[in-house]
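Undergrad: Sequence:
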Amino acid sequence: MIKVKNLDYVNSISLLNKFQILEESYYSDWYDCDDENAEYIWAIDGIDNPLGFLSYKILFDSNINEYIYIVKIYVLSQYRGQTPILIEGERVSEILFRQIEKKEINILTLESACDKLDDYYESLGFRNIQEISNGFSQIKGTHAKIIVKTVVL
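Here the working numbering is used: the first residue of the sequence shown is 237, the next is one more, and so on.
Please note: incorrect hints may appear among the correct ones.
Claimed, not checked - PhoX-like mimics (lysine-lysine), calculated; alpha carbons at most 25 Å apart, straight line:
no.: 1; residue 1: Lys239; residue 2: Lys339
no.: 2; residue 1: Lys376; residue 2: Lys293
no.: 3; residue 1: Lys376; residue 2: Lys352
no.: 4; residue 1: Lys338; residue 2: Lys241
no.: 5; residue 1: Lys241; residue 2: Lys293
no.: 6; residue 1: Lys352; residue 2: Lys239
no.: 7; residue 1: Lys376; residue 2: Lys339
no.: 8; residue 1: Lys381; residue 2: Lys352
no.: 9; residue 1: Lys385; residue 2: Lys339
no.: 10; residue 1: Lys376; residue 2: Lys239
no.: 11; residue 1: Lys308; residue 2: Lys293
no.: 12; residue 1: Lys308; residue 2: Lys241
no.: 13; residue 1: Lys239; residue 2: Lys254
no.: 14; residue 1: Lys308; residue 2: Lys339
no.: 15; residue 1: Lys338; residue 2: Lys385
no.: 16; residue 1: Lys254; residue 2: Lys241
no.: 17; residue 1: Lys376; residue 2: Lys338
no.: 18; residue 1: Lys352; residue 2: Lys308
no.: 19; residue 1: Lys339; residue 2: Lys381
no.: 20; residue 1: Lys308; residue 2: Lys254
no.: 21; residue 1: Lys293; residue 2: Lys339
no.: 22; residue 1: Lys381; residue 2: Lys241
no.: 23; residue 1: Lys308; residue 2: Lys376
no.: 24; residue 1: Lys293; residue 2: Lys338
no.: 25; residue 1: Lys381; residue 2: Lys293
no.: 26; residue 1: Lys241; residue 2: Lys352
no.: 27; residue 1: Lys293; residue 2: Lys254
no.: 28; residue 1: Lys338; residue 2: Lys308
Hints are computed from structural coordinates only; laboratory data are not their basis. Everything numeric in this text was worked out from a predicted model, so none of it was measured.
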């Protein structure tokens, strides 16, 4: 049975290490999400077999108050792609996104990784509206495209 755990960075280190082994990636910078200020939502099978995680920060801006910036989302390779292993009929990423929506903050943002993933994120309700994307890019101080989802609370 899959469990979902909300952990801070320090309590996520052992799961990040285990995830790295399961993903069979031994490069020290493979996940580039060792941000001590980030929170993590983990999908875990059994006691300690991580299937994926979503790391995020709750940020503030004077114009929009608080919003969630999704730092990274990673899912084990066999649970992603065109024919992923599903958990109770759902993708692991869908389980993680549903959990982040429970944080009761109505704006979710994430940095675009590529057009293929953007299409998937759009199926989950994220949108690339140029004016809004540019605004969040300026807030974050990046030139990357930021896609946004408004959650109905």
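Undergrad: All hints, please: hold or fail.
TA: Evaluated hints:
For the hint pairing Lys239 with Lys339, the CA-to-CA distance comes to about 17 Å; that is within 25 Å, so the pair holds. With a C-alpha separation of about 12 Å, the suggested pair Lys376 and Lys293 falls inside the 25 Å cut-off, and the hint holds. Restraint check for Lys376 and Lys352: the C-alpha separation of about 23 Å stays at or below 25 Å, so the hint holds. Simply put, Lys338 and Lys241 have alpha-carbon atoms about 13 Å apart, close enough for the 25 Å limit, and the pair holds.
Note on Lys241 and Lys293: the hinted pairing holds, with a Cα-Cα distance of about 16 Å set against a maximum of 25 Å. Under the criterion of a C-alpha separation no larger than 25 Å, the hint pairing Lys352 with Lys239 is inconsistent with the structure, at around 28 Å. Restraint check: the Cα-Cα separation between Lys376 and Lys339 comes to about 21 Å, which is no more than 25 Å; the hinted pair holds. Our distance criterion of 25 Å between C-alpha atoms is met by Lys381 and Lys352, whose separation comes to about 14 Å.
Among the hinted pairs, Lys385 with Lys339 is consistent with the structure: their alpha-carbon atoms are about 14 Å apart, no more than 25 Å. About 32 Å separates the Cα atoms of Lys376 and Lys239, which puts this hinted pair outside 25 Å; it is violated. Proposed proximity of Lys308 and Lys293 is supported: the alpha carbons are some 10 Å apart, at most 25 Å. For the hint pairing Lys308 with Lys241, the CA-to-CA distance comes to about 16 Å; that is within 25 Å, so the pair holds.
Proximity of Lys239 to Lys254 is assessed by CA-CA distance (about 16 Å); at most 25 Å being required, the pair is judged to hold. Simply put, Lys308 and Lys339 have alpha-carbon atoms about 17 Å apart, close enough for the 25 Å limit, and the pair holds. For the hint linking Lys338 to Lys385, the alpha-carbon distance of about 14 Å falls within 25 Å, and the restraint holds. Only pairs whose Cα atoms come within 25 Å are accepted, and Lys254 paired with Lys241 is accepted, the gap being roughly 15 Å.
With a C-alpha separation of about 23 Å, the suggested pair Lys376 and Lys338 falls inside the 25 Å cut-off, and the hint holds. Simply put, Lys352 and Lys308 have alpha-carbon atoms about 16 Å apart, close enough for the 25 Å limit, and the pair holds. Of the pairs offered as hints, the one joining Lys339 and Lys381 holds, with about 24 Å between alpha carbons and a cut-off of 25 Å not exceeded. For a cut-off of 25 Å, the pair hint linking Lys308 to Lys254 stands: about 17 Å separates their Cα positions.
Of the supplied pair hints, the one linking Lys293 and Lys339 holds, its CA atoms being roughly 11 Å apart against a limit of 25 Å. Proposed proximity of Lys381 and Lys241 is contradicted: the alpha carbons are some 29 Å apart, above 25 Å. Proposed proximity of Lys308 and Lys376 is supported: the alpha carbons are some 15 Å apart, at most 25 Å. About 14 Å separates the Cα atoms of Lys293 and Lys338, which keeps this hinted pair within 25 Å; it holds.
The suggested pairing of Lys381 with Lys293 holds, with an alpha-carbon distance near 18 Å, which does not exceed 25 Å. In summary, the hint linking Lys241 to Lys352 is not supported, as the alpha carbons are separated by about 28 Å, beyond the 25 Å threshold. Between Lys293 and Lys254 the CA atoms are separated by roughly 22 Å; this keeps the pair inside 25 Å, and the hint holds. At most 25 Å may separate the alpha-carbon atoms for a hinted pair to count; Lys338 and Lys308 meet this at roughly 18 Å.
In summary, the numbered hints that this structure violates are 6, 10, 22, 26.
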